[in-house]
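Please arrange chains B and C on chain A, whose structure you already have, making use of the hints.
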Amino acid sequence: MTAFIIRRLLQSILVMLTVALVAFALFRFVGDPIASMVGQETTLAEREELREMLGLNDPFVVQFFTFVSRALVGDFGISYRLQQPVMELILSRLPATLELALVSGFFAFVFGVGFGVYTALRRGGWLSSTIMTVSLIGVSLPTFLIGVLLIWVFAVELQWLPSFGRGEVVVLGGGWRTGLLTESGRASLILPAITLGLYQMTLIMRLVRAEMLEVLRTDYIKFARARGLTNRAVNFGHALKNTLVPVITITGLQLGSIIAFAIITETVFQWPGVGALFINSVRFVDVPVMAAYLMLIALVFVVINLIVDLLYYVVDPRLRMDRASTGH
Amino acid sequence: MNATPLLSVRDLVVEFPTRRGTLRAIDKVSFDIAEGEVLGMVGESGAGKSLIGAAIIGLLEPPGRIAGGEIRLRGERIDTLAAEPMRRIRGKRIGMVFQDPLTSLNPLYTVAEQLIETIRTHISCSEREARERAVALLDRVGIPAAARRINDYPHHFSGGMRQRVVIALALAAEPDLVIADEPTTALDVSVQAQIIDVLKEICAERGASVMLITHDMGVIAETADRVAVLYAGRLAEIGPVRDVIQNAEHPYTRGLMGSIPTLTQTETRLVQIPGSMPRLDAIPPGCAFNPRCPQVMDRCRSDRPGLVQRGGRREVSCWLYEAAEKEARHG
Amino acid sequence: MSQTDQSKAPGRLARAWDSDIAYSFRHSPVAIVAGAVSVLIILAAVFAPLIAPHDPFNPATLNLMDGFTPPMEPNAFTGNVYWLGTDNQGRDVFSTILYGARISLFVGFAAVLLAMVLGIAAGLVAGYRGGWVDGLLMRVADVQLTFPSILLALLIFGIARGFIPPAYREEMAIWVLIVAIGLSDWVQYARVVRGATMVEKNKEYVQAARVIGAHPAKIVLRHILPNVLGPVLVIATIGLALAIIAEATLSFLGVGVPPTQPSLGTLIRIGQGFLFSGEWWILLFPSITLLALALSVNLLGDWLRDALNPRLR
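Protein chains in written order, with our numbering: chain A, 1 to 328; chain B, 1001 to 1331; chain C, 2001 to 2313.
What the hints contain is simulated information worked out from the structure, not anything from laboratory work.
This structure is a prediction, so every number in the text was calculated from the model and none was measured.
In silico SDA-like pairs for lysine to any residue, Cα to Cα no more than 20 Å straight-line:
no. : chain 1 : residue 1 : chain 2 : residue 2
1   : A       : K222      : B       : A1082
2   : A       : K222      : B       : E1113
3   : A       : K241      : A       : L207
4   : B       : K1092     : A       : T230
5   : B       : K1092     : A       : V234
6   : B       : K1092     : A       : N231
7   : A       : K222      : B       : G1064
8   : C       : K2218     : C       : E2200
9   : B       : K1028     : B       : I1066
10  : A       : K222      : B       : H1155
11  : A       : K222      : B       : R1120
12  : B       : K1092     : B       : L1081
13  : B       : K1200     : B       : D1032
14  : C       : K2203     : C       : P2226
15  : A       : K222      : B       : L1102
Looking at chain A on its own, in the form it has when it is part of the complex:
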C-alpha cells in the first residue's frame, strides 16, 4: 500500500514538472518578455540591462530552475496586462471559482445519480424516455449557449434571477469572499451553477444508468433476488452500492474539468473568477498569467487524480490484499 502511494506521488511530481516545463517554455519563448514590459522609448542598452537583471541570458537549465523554485513559493511574476503580481490576482479570484465549481459539482452529482438510478430502474417508462432525450440534447448544447438561454428566460423575460455578477459577498477569515451567506449572492449562484453543472450532470446520469443496468444483470443480483431480499434491498443496498463505486471515482475526476469549464460560464455570467482571468490573458497574450493558470490547473488535476486513486483503494475491498487468509 505504501509502495503504491509512493509510486503515485512520484508520478504526480513527474507530471507537474512536465507541465512546469511547458509553462516555462511559454514564458521564455512566446513573445518577448522585455518588449511586453517596457514602453517604446526604452533604449536597446536599457533593454539589455533589464535582460541581464532578469536573468534572461542565463543558460536554459538555470532559468528553468529559477522558474520552478519561484513557482514553489507562488511567485509567478507580474501580469503584463494588469501590472499586478500574478499570484495575488489568482488568489483573489479563486474563491469565486471554487464556490461555483463546488456548488455545481454537488448539483450535478445529486441530480445525475438520481436521474441515472431512476431511468435504470424504470426503463421504458415515459418519464425515463423523456429524461433520456433531454439528456441527449444536454450533451449537444454548448455550455455557453445553455447559459445565454437561461439568462434570456430567467433574467430577461421572467426577471426572477440576476443575469450577471456575484451579488453581495461577505468576507470570511483569510480573505475568502463568499456569496453563500447573502440572498443576492445565492440568487446569483443559481443560473451559473446550473449552466456549469448541466453537462456534468448529463454525463453522470448516463454513466450511472449504464453502470446500474450492467450491475442489475449480474449473478449476485439474481442470487439476491433468489434469496427473497426486498426490492429495496436489492436495488439500493446491492445494485446501487456496486454502481456507485466506479461512478464516484469518475465523478471525482470530473471535478477537475468543472474548474476548467468554469472559464466559459464565468465569461457568460461575468463571474469574477479565475477562468475569466485566464480568458483575458489568452486574448492579450499575457504570458505570466497563462503560465500560472496552467500550473494551477495541472496541480488541481494531479491532486484530484491522486485522491481518486486512493479513494478507489478504500472503497473496493478487492484491491486490499492485506489479509493473508485464503482457505480452500
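Frame of chain A, contents of chains B and C only:
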C-alpha cells in the same frame, strides 16, 4: 404415495415471444417432488432444465414467461402469485443455488453481512442472534474457523469454499425446497464431490427436498433418489435413479447411458446418438426425438406421446410403451 | 425479386442499399431526420454565396442605419426588409448565419481531419513499433487526456497567437483555430487505431508478409487500416459535433474567429449583449441553427455507433 407432494408441476409451458414468433422452451412438463426427496433433472445444454428451475422460483427473465400449466407448493398455486407474496416464498420456502460461485456473491459485502441480511429478511431476530445463526451455518457447511472467516470478503475464499458459502446463503432461511442449478459445474473436479455431499447432507438434516439440475449423469447416480430426463423442453422419462440408469426405457435415455464410458467397457468407441437436439424453432412434429430414434415408428412422426405410467413412480413419454401398456390393460 | 433478376449481379448501389448499415438507417427515423437536417445545413452553408441575399463579411456593403431591424419588418430609416432581422452592425442575420455556419463547418471538418490524420498516424506507429515509441506516445496521450480539450485548445491558441505578430493575427485566426481544436482531439483516434494495430500485428498473415520482406508501411496501410475505419468513423462523427461546439465556444469567448468574420458563436455573443434591449432575433436564430447542427450530427454519430456495434446486431 398419497401425501401431498412438496412440489407439483403440471403441464408447465414456458414461452419466449420473439420477433420471429413465439418459441416454446418448455412444452407441457409435469412432475412431482416429494418431501425430503432429491430429484435430479438431467439433459443437454439447451434442453430447458435451468428454465424450469427459474420458472418455479419465479425468476424467469423477460420476455420469457409461463404460458400455461400449474406449479403448486404444498398444494397452493405459486405460479400466479403477485410479486410481493412470491418474494416472501423465495429464500424462505424455496432456495436456489447457482452455478458460478465467483459471480454469485456481491464482492463489496462481507459474508457476514450477506448472511445476516438474508436471515433477518425472513426470520425476525436481533442482529446478534442472526450472527450466531450465520456462524453456525457456515460451520455446518464446512468452513473452518467460521467465526473468524465470516468477516471475510468473498474474494478471500477459494472456489469450493465460496460455493459452500453460497449453499449456506441459500439455506439461511430454512427453505423446504432447494433448487441447485449446476452447482458443481464451475468447480474443480476434486472439489465437486465434496460440495455435492455437503448439499445432500445439510438438506437431509433439515428435511428439505432438492431439485438437482445438471448435465452430469454421474452426479445424479450418486446423489439423487429420482431422475427426470429432459429433451428439447419435454420430459422423456422420469423414475427412481437405479431403475432409470440400469434399465432405461426411453431410447434417448438409453443413448445417454450408453454414451457414458465405464471402467468395465470393452468397446473401443463411445456410443453416440446421431444428430443433435433440435433448436427451439425447429422442433419436429410428433415426438421431438423421432429423427434420431433407432426405434422410430410412423406414429412417432405425427403424434406426440403422453406420459405413460410404468409402475413404481416411473413414467416414460414414448409410443413404444403406450402400445405395451394398452396391451397390458386390454390384453 | 423474380427469378429472372437473379441472373444479373446487383449493381454496387443496389448492394449498398441492401447492406446492413443502409437497412439500419432506413429503419431509424431518428437517423433519417438527423441526417436530413445535417445535410440541409451543410448544403446551405456550402452554397451560401449563392443563397444569401447579402454578403455580411464585406464592410463596404453594410449600412449602420440598417441595424437593429426586426425580422420581416421594414427598417425605420432605409425601409429594407430582412427575413431574420439585422444585428447591431446592420448585417443581415440570415446571411450571417449562412456564412457563419460555413465557417463553423469548415473549421469543424478541417479540425477533425487533422485530428484523424494525426491520431491514425500516431496509433499506427505506436501499435506497430511498440517499445519506447509506444510508451512515450501513450504517456503523452495520458497526460493530454487528463485535461479537458477546451482548455488545451485555448492554450494552443494562446501560444500560437504569441508567436504570430499582431498584424497577421486576424488572417491566421481560422488556421490557428483549426490547429488548436485538431491538436486537442487526436488521442481518441490514436488509441483505437493502436489497439487494432496491435491485434493485427500478431496475426500470421502480417508475420508472413514481414518474412517476405514487405515494407511495413504497406502492410499497415493495406491490412490494418480497413479494419479500423468503422470505429474511427464513429469517433469522427461525434468529433465533428464536438469540434463545431468547440469552435462556437471559442468564438463566443472572443478567442476564435475575428469579429469581422463572425461565426455562429460570435453572433450568439453579440446577441447576448442585446437581450435586455429587446433585439431577441440576434440571439435566437443563430442559437437554433447551432443547436440543430450539433444535435443532428451527434444523433448521427450515436446511430452510427449503434449500427456498427457487433454486439447489438
